[in-house]
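Residue-level listing of the chains:
Protein chains: 2
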Amino acid sequence: MQTDKKLADIAGLVKSELQQSQSITHDPGRRSMLTRSLAVAGTAAVSTGLASASTELPIPESNKSLGRAIPEATYGMPSKYEAHVQRRRTDVFVNKQNFSDWSMTPLHQQQGTITPNGLIFERHHAGIPDIDPEQHRFAIHGLVEQPLVFSMSDLMKYPSVTRFHFMECSGNGLTDWLEVKSKTVQQTHGLLSCAQWTGVPVSTLLDEAGVLPTAKWALAEGGDGAAHARSIPIEKLLDDALLVYASNGEMLRPENGYPLRMFTPGWEGNTSVKWLRRLKLGEEPWHLRSETARYTDPMPEGKWRQFSFEMEAKSVITTPSGGMNIKPGPVEIMGFAWSGNGKISNVDVSMDGGRNWQEAQLEEPVLDKCLARFRYRWNWDGNPVQIASRAVDSTGYVQPTVEDLKQTRAITGFVQHHNGIFPWSINEAGEVNNAIA
Amino acid sequence: MQTDKKLADIAGLVKSELQQSQSITHDPGRRSMLTRSLAVAGTAAVSTGLASASTELPIPESNKSLGRAIPEATYGMPSKYEAHVQRRRTDVFVNKQNFSDWSMTPLHQQQGTITPNGLIFERHHAGIPDIDPEQHRFAIHGLVEQPLVFSMSDLMKYPSVTRFHFMECSGNGLTDWLEVKSKTVQQTHGLLSCAQWTGVPVSTLLDEAGVLPTAKWALAEGGDGAAHARSIPIEKLLDDALLVYASNGEMLRPENGYPLRMFTPGWEGNTSVKWLRRLKLGEEPWHLRSETARYTDPMPEGKWRQFSFEMEAKSVITTPSGGMNIKPGPVEIMGFAWSGNGKISNVDVSMDGGRNWQEAQLEEPVLDKCLARFRYRWNWDGNPVQIASRAVDSTGYVQPTVEDLKQTRAITGFVQHHNGIFPWSINEAGEVNNAIA
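Protein chains in written order, with the numbering used here: chain A, 1 to 437; chain B, 1 to 437.
Do not rely on the hints blindly, as some may be mistaken.
Which copy? The list can't say, so a pair holds if one copy fits it or any two copies do.
As the list claims (entries may be wrong) - Restricting the straight-line Cα-Cα distance to at most 25 Å, the calculated cross-link-like pairs of lysine-lysine (DSS-like) are: (1) Lys303 <-> Lys406; (2) Lys216 <-> Lys343; (3) Lys406 <-> Lys236; (4) Lys327 <-> Lys157; (5) Lys303 <-> Lys157; (6) Lys181 <-> Lys64; (7) Lys181 <-> Lys343; (8) Lys183 <-> Lys157; (9) Lys64 <-> Lys183; (10) Lys183 <-> Lys236; (11) Lys96 <-> Lys216; (12) Lys303 <-> Lys183; (13) Lys327 <-> Lys343; (14) Lys80 <-> Lys96; (15) Lys327 <-> Lys96.
Calculated from the structure, these hints are not laboratory results.
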């Protein structure tokens, strides 16, 4: 009873106090925001549609009743009000089927830099196997002193390392080179995720097996129905490649390779072979279908580029992005930048179709081969514009335009490795649209 | 047909090649591990139970069939083989009820340093409300120039920051001071989680409202049935406190405060008020029940300490920990260390009940007010031992023993702020047990 009275007292406080005071409903168009915009950008203040009315803060129902009971044991799920935040398949291809497809991360709804495990993008070649970790075995064989077979419990006894890295499919953006096919940033850039990965350095186990001097490549093969496999240079395996079993603090999800996957930081996602069951060391690459017919890039004069592993520096504005609607006044531009070759050193944004560029702010910590978040405070005057971002990485590489890329490659239809500058147009109604072409 | 043949070829390869070669089943007791142990610790090699047999790697069923189809839109879940990884309620109190309780993070199953959102610990006073973000309002009032009311969409337009921090309940460990009550590290230390938090600095909005010079404290109140509230010094709010709406890349889960919570880095969890609906600025603390009858610490001579906000440096070994079983030979000791007052500067481990201490290895990056993972490679000789860890933070503070804490505080039963060194005993059978008393 004492508690109930106290509760009523406290709840009553807000209502009466707010009624007495001259409170206002608020949005970030007001004082400090404008002051900052003026201080930073020197632009003129704009009307912000600030509501002048409003009076009290009603006591919500949630303050007057018990909530849901706490389960004895549980694994939590998002609020029912967030049910729209999901991975989604492409809406570009009409001939899609269910066992070999993409499922994309909603980048426009991602906060911070970590992609939650439930939203990490997927790319499968033969559906999602449900592998029993107690039955799973991983082998190292071929050009080694001693072939080895590991169970998961063996592997997990080795010293692990934990690192933040992005992962991107080489096909990210392939639908939108020369014409507008996709509406949202989830569809144009959503084969991109970022997580804290935990696993055993491949070098530890190669050291254990003893690499023969003739070994230059390794075949990494998955335990899925497609037996998806890639040839990987031994240098990468000895450098920073990991045998990953966990992401963001828990075991991998089935669709992301449970119980074990290769992880090749900064390289195209298909080399981070999921459901990994063997590494075979050899002298030459295997020239599998996945590295002849697929995962290659057309070049001028009918040639094709093989083994284009590194994901080069890239960025995209996620807020505002395709399908959103903005109002004149202060707009917080936000997006992601990343590079498979190092750290992001800076990001510029353009509000005039790429003629002029301003430096955006990067949020710390900026990590190696990891998503970096940038932001730029802008005042939109209500006139039609085209906005875009441009990343520069620690090697000095500058994200190119599609026109730049056309100078060195044959951009014909749905080709891989699209890291071109990506523009969004904003019309007079404030509607944001894909402006790649 | 071509693809099927290729698949069969590749799958066949492993079987035949492994049959030909002299492969061995493997665990990390072998060469490089022992070499490293010898090199690092200079201890004698021990028998490791290495299997010498085994021959081939059978082709698993998952390589011979299609997996699950990819859903059109989805939010992923853990593998069915990980269903045992759950938050769990305490098993110490028999009089527990369903609306005011704890639900603890399985630290012994956590990989890396990030706690996945589904496993972040919970502490409720009146169950879990399901708040509609469109209806939610947050007010700043009291000793301000201009009271303000924000909707969630207003708030989320402000420049956000994203930071990695641990969160710990002040009651973490309160069942296990003077006698063994809990079996696992989930039960002894699981009111501890770590995430990437995203939100708006409180200072931004206080600047907007205009803090009057007389304002020294603020009442932070939640929208739950208990209207849980705490008085927080204005200095903390202007320093690093955040109005958080997201963790690990997505909106907060209902049980963690959706759609908005206070976040006070390094301070006891109950000050990070969930479902936050107002901040009222005043001259003095409110001396609520949550800061008189609760969340206070008994001291000698019948006194009680109020407002003990900071979570002082602490650590615990999570592998091996209570309920586990180890074998003689190399053991990878792992655990977490954290401090509410800064970074962890080092962690020592003892394998002889605290007489001798060796420095453990810290995994980078070690961040401010964030979980740090430590490891230490040990060779267990099979004799009964007591193991423990001891954290030192960037202020020079050394994690105390329970005996140390008894010198300055009245440790009587279930009291808060237990950051004492926590020992596990290992008997001749390799069983690991809570050895706090």
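Homomeric proximity label, Lys181 with Lys343: Cα distance no greater than 25 Å: neither (31 Å within a copy, 48 Å between copies)
25 Å Cα threshold - placement of Lys343 relative to Lys216: Intra 28 Å, inter 42 Å, cutoff 25 Å: neither.
Lys327 and Lys157: within-copy, between-copy, both or neither at 25 Å Cα: Between copies only: 12 Å across, 55 Å inside.
25 Å Cα threshold - placement of Lys236 relative to Lys406: neither (29 Å within a copy, 54 Å between copies)
Alpha-carbon proximity context of Lys96 and Lys216, limit 25 Å: Classified as neither; 37 Å inside a copy, 61 Å across copies.
Same-copy or cross-copy closeness of Lys183 to Lys157 [CA-CA at most 25 Å]: between (46 Å within a copy, 23 Å between copies)
Lys183 and Lys236: within-copy, between-copy, both or neither at 25 Å Cα: neither (36 Å within a copy, 43 Å between copies)
Status of Lys183 relative to Lys303 across identical chains (alpha carbons, at most 25 Å): Neither way: Lys303 and Lys183 sit 32 Å apart in one copy and 64 Å across, limit 25 Å.
Homomeric proximity label, Lys80 with Lys96: Cα distance no greater than 25 Å: neither (29 Å within a copy, 27 Å between copies)
Alpha-carbon proximity between Lys64 and Lys183, which holds within one copy, between copies, both or neither at 25 Å: neither (43 Å within a copy, 37 Å between copies)
Copy assignment of Lys181 with Lys64, given that the CA separation must stay at most 25 Å: neither (49 Å within a copy, 36 Å between copies)
25 Å Cα threshold - placement of Lys96 relative to Lys327: neither (37 Å within a copy, 51 Å between copies)
The structure shown violates the earlier hints numbered 2, 3, 5, 6, 7, 9, 10, 11, 12, 13, 14, 15.
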